[in-house]
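A.B. asks: Quick note: the sequence shown uses this note's numbering, first residue 1, plus one each step.
Hints in this document: simulated from the structure, not taken from any laboratory.
Treat the hints with caution; some may be incorrect.
Label pairs and their computed distance ranges (CB to CB) [claimed, not checked]:
1) T239 x G436: 27 to 33 angstroms
2) R623 x A215: 50 to 56 angstroms
3) G567 x A620: 28 to 34 angstroms
Simulated crosslink set (BS3-like; lysine-lysine; CA at most 30 angstroms straight-line) [unchecked claim]:
4) K545 x K410
5) K36 x K308
6) K410 x K36
7) K82 x K36
Keep in mind that this is a model prediction, so the values were computed, not measured.
The beta carbon of each residue, even a glycine, is placed where N, CA and C say it ideally should be.
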Amino acid sequence: MGYREVYEGWQADPEGFWMEAARAIDWDRFPTRGLKDDRAPFYEWFTDGLVNGCYNAVDRHVAAGRGGQAAILYDSPVTGTKQTITFADLQARTARLGGALQRAGVGVGDRVVIYMPMVPEAVVAMLACARIGAIHSVVFGGFAAHELAVRIDDATPKAILAGSCGIEPGRVVHYKPLLDAALAQARHQPEVCVIFQRPEEPGTLTPGRDHEWEAFQEGAAPADCVPVPGDHPAYILYTSGTTGQPKGVVRPTGGHLVALNWTMRNFYGVEPGEVFWAASDVGWVVGHSYICYAPLIAGNTTVLFEGKPVGTPDAGTFWRVIEEHKVAAFFTAPTAFRAVKREDPRGEMLAGHDLSRLRSIFLAGERADPDTVEWLQRITGTPVYDHWWQTETGWPIAGNPVGIEALPVKIGSPTVAMPGWDVRILGEDGTEVPPGTLGAIAVKLPLPPGTLPTLWNAEERYRKSYLDRFPGWYETGDAGMKDADGYLWIMARTDDVINVAGHRLSTGLMEEVLAGHPDVAECAVIGVADELKGQLPMGFLCLNKGCDRPHEDIVREEVARVRDEIGPVAAFRLAVVVDRLPKTRSGKILRAAMAKVADGQAYKVPATIDDPAILDEIAAAIRPLGYARA
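Based on the provided sequences and hints, a complete structural model is requested.
C.D. replies: This is the structure we're talking about:
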C-alpha cells in the first residue's frame, strides 16, 4: 500500500491500526484494547497490557539469535575512542546495572536521574532503568546546577547516575561539581549517586552517598526484565516552560514501544540489521527516541557519537562517520549542516568519502531552510527529508514516509501528516482556515500512542499548556499552513508570528529569503517593538567562512531581497551581521530571548543556552540601530 492507503486505513479504524502495530512488540500480556478514553481529554493506550522496554530493545534480539549483531557503535572523536557493543553485551550490561540498582533499593516506579555525556554507559543506564521498571529522567550533561536541582526536586529520584565530566572541543565540562552544587540546592536528596569516572577528569566522591560506577555493580545479581503495564511511564523528559518551571513530559511504555518500532521501517525506511545514526544527544528527545530506543527496538544498529559537526576535528566528521559505519539513514538538525556549510561551503571535505550506503538524510529540530536543503542535496546526491515533531510527541507528526512511499519533496515543507495525526490549521476562533492561510497548527484528539498523556505531577498545567485554547485539540504552539495538496508548512513558533501594521507575517518566511543569499550561512529574524507599526522584523546574518565583502553591502542586498520576494508589507529594513546566534545545546535558535534583548526588557538567561555571552554580543550588534537599550 502507498501512503494514502495507509493513512486512510488509520482514519477508518484508528484503534485497530495501532492494535495491529502493537503485534510487532513482544508483550508479556497482549492488551485487550488500544485506546482508553474514559478520562478524556486525558487519553491512554494499551493500559491493560504488560510489557518491558529493555526486553524489546535488547533481550528479544538475543533470544532470536542475533546477540552477536552490533547494537551500539560508539564513536568519540573528542577522546579518540571507538567501541562496538553487541546485543549480547548490552543485555549483560543492562542486567548487571539493573541488578545493582535493585540491590540499592530502586524498584518499579522509582525515579532515576541520569546526568551523563554521550558515552555507552548513558544508554546502558536508560535501558537498565527500563529493565527493572524504574522511571528515568535524563538531564542534559553539563546543565547548570540550579536547573538540575529544579529537576531533582520535581522528579524526586531515589538514585542519580552521573558522569564525572563531559568532553567538548578544547575544554572539559566538570559534571561532578555541578551535581554537588545541585544537590546542595535541592530540597530532595537521592539515596545513592553512582559516578562514571572518566579518565579526563575524575570526580571527588562524597562518602556515604557516592559510589564509583564499577564498584557499585560489583557482585550484583543480574536483573531480569520486569513487566510493567502499558501506561507505566518509561521516562520523564523535561522541556523548557514559559513560566521558567520546566515541564516534565511523561512517556508511557507501551505506546512508546509501538510507535517507535512502527517509525523505523515505515517512516525512516530502515530494515533490521542496518545502521541508523541520529546525531543528537541523549539529553534531548531525539536522543531518547532515535539514539537509544527506536533503533534498538527495531533491531537496528545505532551510532552513539560524542563530537560536533565541526571542530572534531573538522567539517568532514559527518562524512567520515557515515562512511566508516556504513550508515543507511542519517538524522540531525538543520543547524548542524548549517555549521558544516559555513565552514565548507563548497563541500570539499566530502571528497573521497564513500556514502553509497546512505539512502536518506532526515532533518528536524528547526525549520529546514531551502538553501541548506538544496546545498545538502547537491553535494551528497542523497535525498534530504525535512520532518516535524516535538519533545511532547516523541515521534514524527509530519514527514515523508519513505518506508511506505517516498512522496514528492517540496523544499520548505516537512510533507504530510503521519498515521495517528489529524493535523489542522486553526484561526483565532478555533475554526479551520482555508489552504494557504497562516494559522495555529493543532492536532485533533486523541493523540496517537507514544505521545504525552500528561505532565509529571502537573495535570492542570498539561491542560492549560496544550488543551484549553482549542477544546478537543492539542495545541502544538507552532504556526503554519497547509497547501492545496495537503502538505504542511511550519513557518514559526506561534510566538514568532509578528504583527506589522496589522499584517500577520511569518519570521520563518523571511528567514528563507535571507538564507538564500550566497554569502549567508545562517540567519534569524525576530520581531522588535515599533511605535508606529507595532512590530518590525529584525534580521541577524552569519556569513560563510572566508566571506570578506563589506557587511553594509550584504545588509543592503538582503533588504532588497525581502522587498522583492515578500513585498513592502514586510517593512524589512533592520539587519546586522553577527558572528554567531544564541542557541540551545540542541541547536534551536533562542529568538524569544533575542527579542527581549532588542526591546530592552528584563530576561532570564535560558537554562538551555549553549553560551550566555552570545546574548551580550547580540545586544552590542544592534545598539547602533537604536535597540537593546535598557
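A.B. asks: Would you mind marking each hint as holding or not holding in the structure?
C.D. replies: To see whether the hints hold, each was checked on the structure:
1. One distance hint, 27 to 33 angstroms for the beta-carbon pair T239 and G436, holds here, with the actual separation near 31 angstroms.
2. For the pair R623 and A215, the supplied restraint of 50 to 56 angstroms holds, since their beta-carbon distance comes to about 55 angstroms.
3. At about 31 angstroms, the CB distance of G567 to A620 agrees with the hint of 28 to 34 angstroms.
4. Between the alpha carbons of K545 and K410 the distance comes to roughly 29 angstroms, so the proposed pair stays at or under 30 angstroms and holds.
5. Annotation: proposed proximity of K36 to K308 is violated, straight-line Cα distance about 43 angstroms (limit 30 angstroms).
6. At roughly 37 angstroms between alpha-carbon atoms, K410 and K36 are farther apart than 30 angstroms, so this suggested pair is violated.
7. For a cut-off of 30 angstroms, the pair hint linking K82 to K36 is broken: about 45 angstroms separates their Cα positions.
Hints 5, 6 and 7 from the earlier list are contradicted by this structure; the remaining hints agree with it.
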